[in-house]
Amino acid sequence: MSTTQISLSSLAETKMALHSAKHGFSSPIHGIVIGKKSGGSDVLEIVDTIPVCHEVPTKPIVDMALRLVDAHLQQQGGDDLTIIGWYTSNASTLDDEAPNPSACRIASSMSENCQEGGDNFILVMITTSGLLAAVSKDSDSSLSPLCRVFQRHANTKTFSHEVHSSRITQENDTAYIISKALSKEMPICDFVDHISHYGSEDWNKMDWIKNGAIQL
Amino acid sequence: MGPEEDLPTLISQKDHLNVLRYVRAHQLREPNLVVTHGKLLLQSKSLGDAERLASLEQICIAACDIGDLDLAESCLDSIVNPSNNSKSSLVVTKESSRYRKLLALCLEAAGNYESAGSVYDMLLQDNPSNAYAAKRKYCILAAQPGKETDAMKALDEYLSKHPGDLAAWNQMAEVCLSVSDFKGAAYCYEELVLGCPLDTNIHTKLGEAYCTAGGVENAKLARKHLAQAVQLDPNNLRAWYGLVAVAEGYLEEIEKMSKNKREVEEQGVEVAKELIKFGGEKLVGIYKGTKMAKVVNAVLKESSESL
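One line per chain: the protein sequences are V and A, in this order. All the letters of the first sequence, read from the start, carry residue numbers 617 to 832 under my numbering. All the letters of the second sequence, read from the start, carry residue numbers 2 to 308 under my numbering.
If we strip away everything but chain V, and leave its shape as in the complex, we get (with noise of 0.2 Å):
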């Protein structure tokens, strides 16, 4: 168990509520959380989200969606950002209880492949409570945070220990972004959109992994 520090960008929160809103009322949600460990301090810095698909994932998707991020990393480097963590939000909107057990098999598979030995790994369930305050403007955000954050139980090794909110901080103004682009409705593409329009107009426009698009 770390005793890391978690960052949560706008940008990556921003994301996961578009993901989670357009898809989230009768599918899950998965995604890759892209960040990096800030050098001295002991902070782990969620930079980034790239959406993977809004259906239970299946090893063919999610193996593709992984290699396909890792190689765009690789290609372009400078920022040192790495795959850090996962993404979901399960399907029914009445459970914010706990992480899909899908998800959470993945983020398992996930945390023995990295290559510091996955303590760090992170599991982020976004709840359909903390969207809900998100897009009321009035509330305040603390009550129903938009994302919760799992790491791996040391003796279990399963993704049940969460991360208590005291660890995790926010970028000022995180309701109000996420709010303004939920109404704005921008468009967000996931990798399942990206490879079932093969052939439609848009095609080349799907960017699932940079989603240029959102802009805020």
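FYI, nobody ran anything at the bench for these hints, they're computed from the structure. Please note that the accuracy of each hint is not assured.
Said to hold, decoys possible - Some chain V residues judged to face chain A by a derived CB distance under 7 Å, without partners named:
no., residue
1, Val672
2, Met680
3, Leu710
4, Asp711
5, Cys730
6, Ile811
7, Gly815
From the three backbone atoms N, C-alpha and C, an ideal C-beta is built for every residue, glycine too.
Assemble chain A onto chain V, guided by the hints.
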């Protein structure tokens, strides 16, 4: 409405009646569109009886879909109590089974599962082979968190009585996937393949389910179905990715086997390697000149180098 009419045209012409008809005819799920145009349509007085009732039904369902329960209730009301202005010759009573189906749907939308369940029970009493009512009973269970096992049992029961209902098999497959029962999901997709043997998407999903389930035999089946998927539709990008992924998955499974057993699978290994090369070339070709080309090339180069 002629065949040259398409939805965006009808919307821009504000032809509310035909927008609703189009959505109905093409069985689209566009609740926001239906509610917006429906509300405007209902204000016009020149609506024939049959059209009025059909539209009210459609708007009611759409209202339930987006959670506008007030609108849904008022539609229900208007169906059985037509306004005094129109001299309706089509009278709908509350005993009508079509009305009761709508009523139960609205009860479900309001979360009143007990009442909805009793309406479906009555419908089933009147007609024990009412598949719609039986399916909705499953949906009521599926909508409540914590009742997954009950829901699965209900769906199982439904499928044993209606084994030809492909939509139900599809639903069961999704339920199996959500509880990580990949073998079960594969079984359901096999039933779907029996019903739609030329559907590339079903072969793709079946192959993916087998691959995720794991094991050499499943990996071989996965390979077979993904190969069938790309043959049925060479433009199925998901299937091309899947083909490369399951062929690699097969090779991984082979690696786990003991040396003696591996000899039996020699031909399979050759086939898998060829599939990876074949799929890889196709993918590189598809992405040529696009933004993702570099990334895809890197991944597939890695695949072919590891062969």
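Given Met680(V) was flagged as interface, is its beta-carbon under 7 Å from a beta-carbon of chain A? Because about 5 Å separates Met680(V) from the closest Cβ in chain A, which is inside the 7 Å limit, the hint holds.
Once the shortest beta carbon distance from Leu710(V) to chain A is found, is it less than 7 Å? Nearest chain A Cβ about 5 Å off; hint holds.
Are Gly815(V) and chain A close enough, Cβ to Cβ, to be under 7 Å, as the hint says? Since the shortest Cβ distance to chain A is 5 Å, the answer is holds.
When the nearest CB of chain A is found for Asp711(V), is that gap smaller than 7 Å? Since the shortest Cβ distance to chain A is 4 Å, the answer is holds.
Minimum beta-carbon distance criterion (7 Å), Ile811(V) to chain A: holds (4 Å)
Quick check on Cys730(V) please, does its C-beta sit within 7 Å of some C-beta on chain A? violated (19 Å)
Chain A contact restraint for Val672(V) - C-beta distance below 7 Å: Check passed: Cβ of Val672(V) comes within 4 Å of chain A, closer than 7 Å.
Hint check: a violation occurs at hint 5 only; the rest are consistent with the structure.
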